[in-house]
Amino acid sequence: MNGFPILSIMLAVPLVAAIWCLLSPGEGEAKAQSARITALAATLINFALGLVLWNNYQEGGPRWQFVERADIFGRFSWALGIDGIALMLIVLSVFLMPLCILASWKAIGKRVPEYMGAFLLMETLMIGVFAAQDLFLFYIMFEGGLIPMYLVIGIWGGARRIYASYKFFLYTLLGSVLMLIAMLYMARTAGTTDVPSLMAYNFTPRAQLWLFLAFFASFAVKMPMWPVHTWLPDAHVEAPTAGSVILAGVLLKMGGYGFIRFALPMFPDASAHYFWLVMGLSMIATVYTSLVALVQKDMKKLIAYSSVAHMALVTFGLFTFNRQGIEGALMVMLGHGLVSGALFLCVGVVYDRLHTREISRYGGIANNMPAYATFFLFFTMASVGLPGLSNFPGEFLAMMGTYKASSWAAFIAVTGIITGAAYMLYLYRRIAFGPQKNADAAAMPDLSAREWLVLAPLAAAVLWMGVYPESFLAPMRADVGALLERIQPAAPPSDAALTVPAAVSPVIAGER
Amino acid sequence: MSYMASFALSAPEIILSFSAILLMLVAAWGGDKASQAITWLSVLALAAAGFALLGPSGSAGVGYDGLYVADSFASFSKVLIYIGAAVAILIAPGFFDREGEMRAEYPVLILLSAVGMSTMVSAIDMLTLYVGLELQSLAAYVLASFLRRDDRSAEAGLKYFVLGALASGILLYGISLLYGFSGTTSFTGIAAAMKAGMGSGLLFGLVFVLAGLAFKISAVPFHMWTPDVYEGAPTPVTTFFASAPKVAAMALTVRVAIEAMGPATDQWRQIIIFCALASTILGGVGAIGQTNIKRLLAYSSINNVGFALMGLVPGTAYGASSVMVYMAIYVAMTLGSLLCVLQMRTANGTPTEQIASLAGLSRTRPALAAAFAIFMFSLAGIPPLFGFYGKFIVFDALVDVGMWPLAMIGIATSVIGAFYYLKVVKTMYFDEPAAPLAPSRSAAEGVLIALAALFVSPLGYLAIPMLSEVTMNAAHSLF
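Note that the protein sequences, when read in sequence, are chains D and Y. So the first sequence is numbered by my numbering: it starts at 229 and just counts up by one. So the second sequence is numbered by my numbering: it starts at -1 and just counts up by one.
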């Protein structure tokens, strides 16, 4: 791939398609249909490019690949490049996008060209976030995502869409502006806006404490971590199905990606200093949001709270300062991206039929929708962390890493798995099993061919990730190693460090 | 320096003055029938004045025995001023024709105001400054009440005049104090006196001069006139007020702060910090309850002036250049959004200014709504729109000198502002359509909106290298 600007092209394809969706001639339904087809084609092209990217990524090659750089912005540059972590997240994004377009094929009936345009724009910005190698280019992409998401929630959302869109926008904006000032400070102090150079730059421990907090404010909101998670249930509930999928599948991952790309390697001392802050918030999040999820009456809200709980597992893992924890956190991010996306799509399927998300309006639909019930069960099990499905490797690794860092944190983290199983199975029982008490729910037809097409690839990916996680772990392994090399000297003391005889240690200490 | 050389330096002002006088005669003989021709001729005069900046009047130095300077800082400001003035002239016929009030004097008054503004940004003596400021203001007072039969317009003119006269008085009092305690009215002389010793007389002079200038840029706490005048003045005049005079007054403030009061930076810095923060906060909070789009944009301009002033706080060349970048982007955004306001007419052609009348605009007029939304998001400073870069660079200037706590507070206040910009977008995109607006009649306005929208779109980022070079040159000519 020498010199071929594949990342720029992946950014350009959706952008051009978005402009075409908005400006193409035509009226009414014809224009809507052409916008749908354009969007599907563009996202499929990008998915193909994503596979090319994955295929050409050299494991064990240089740390930053597909690097592009053009100093056209004066104060900062158009610098792109990816490592294995960014690669996996880009692949996740381009995989979910065509499914989102397909899921909105019928569900979105009004203002289709604008809708498709907003989604395509979002795809550009998402890929941009993961591919940016310039501090400010990252910020622009990171913040730019607010505009299309604001419009998607506000125009095509549910009843309280306006409240939800404002809350989403202002919450995340307030979180991020402080990060901008921190970035300006860093660029001034280090004299560069190049992310790889900054990852190697040693800021003074005192400065790190402040910089970390500024970044933390932004990423914790995006993640979202307790107590700044309250925008998420509102945004999820009001957003259209595909909006929720992208929100849960990719936008939330930006928080975790931010921690791993910026907060940890750039401020290792501060990360260790705030170890208990992060662990404490994660512990509260696990227990609190799981319990809150248990009592939800709205399907989407329940899954939204389960997202917060899963993201707590990611923050547990990221701040363990050991390989299992960080790799586990990354795997949870990928697995959750697939599973929560799939669960929202499942909700979307029945919502399209009955136009309600209230759990009590359903019941016993396993009888009339057997295929749907099977898929839903499959993804429910994946969300619970059943071995052999996508979330298990990540959750297991993250938990093990957490135990190595702090046994108390691990103790609390494990309760999240138990309550997670409780609320997901409880949800599934109320929807799919039991008597068919609602006539309209009992009359719903099973999956259409289009819905099969949306859910089947996700199920396949979930199974793949559960059975052979190595495919996904391998590209990231070297990058996690480089990160560990950078942060391990600062690792906080652990209460669970095993003192292992030298002869036995290789077996216990690592999976490789 | 000979008079001829001085004349050559001030070629733009001379071109504009003579054009204004000539066109005034044409207006006197030709009457309002000639207004079409006068409109185009005055735009031509502004273009000629702009091209004159390529010659010696671009950056050749001091003229008129130290009263006037032609440097790259002045040239950059003048370009922005002429663009603002030209747009204000171009959009006028479409507006006033409907009111039956298009008068041939309108372009002439704008030209005279442009002469005043040109003089302001080239002033390096308190007297030149005052003469320029008054020329600009007097033309502006008349423009504000241009719709003679409209009560609100007359009220706006009167309010602007009374408060403006008060501000001029304060400014003049400050100038007299500076003169009394330094023995000179030239900027360099005042700076030398301040360097020699900062007595309380000079300090009071500094405070009064800055207060007078704060009125002209409508920074809090001297902003009270802005919403009323913006609302009452005819929309093309509001467009003019929000762009060119703002740039001129801001450039003037930067020049006075750095050239005349440079040694007293520590003294004026507190004043500027207060004005900047108060403007960003009050400009944000005040706009929230507004239902009139012009009042909302007035508060938005107060808010933006606050951010531009942040760039002045460090008192460095980089800071001064960031102010000019901010103003350049601000001019594009504010011209664009007021041009959109100009399109707001009910089905029978009466202009409307209610935000509620924008409801559902994205469905009735998608292109207009998209442009308006771009300007709103850009004014809020949301990337990837170009308005973000203005905020970016003023805060960069603050962080550059280690004033990051102020930058943190300042940028947090921008979230308040984001709220009401979002409100406009919400009305256009989320609400059910209200009665549709009348279709656009002027192709020129559409083109201008499209140009402004392109500039503030992410394409604007490509202009950064050019913009930073020009503004850095401009800023260096101050030091």
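Heads up, a few of these hints could be off.
Below 25 Å or equal to it, Euclidean Cα-Cα: the simulated BS3-like pairs (lysine-lysine) are [what the hints assert, rightly or not]: (1) K529(D) with K665(D); (2) K525(D) with K338(D); (3) K421(Y) with K338(D); (4) K334(D) with K259(D); (5) K529(D) with K334(D); (6) K395(D) with K157(Y).
The hints are simulated quantities; they were obtained by calculation from the structure and are not laboratory data. Here the structure is a predicted model, which is why all the values come from computation and not from measurement.
Structure versus earlier hints, numbers of those that do not hold, lowest first:
2 and 6
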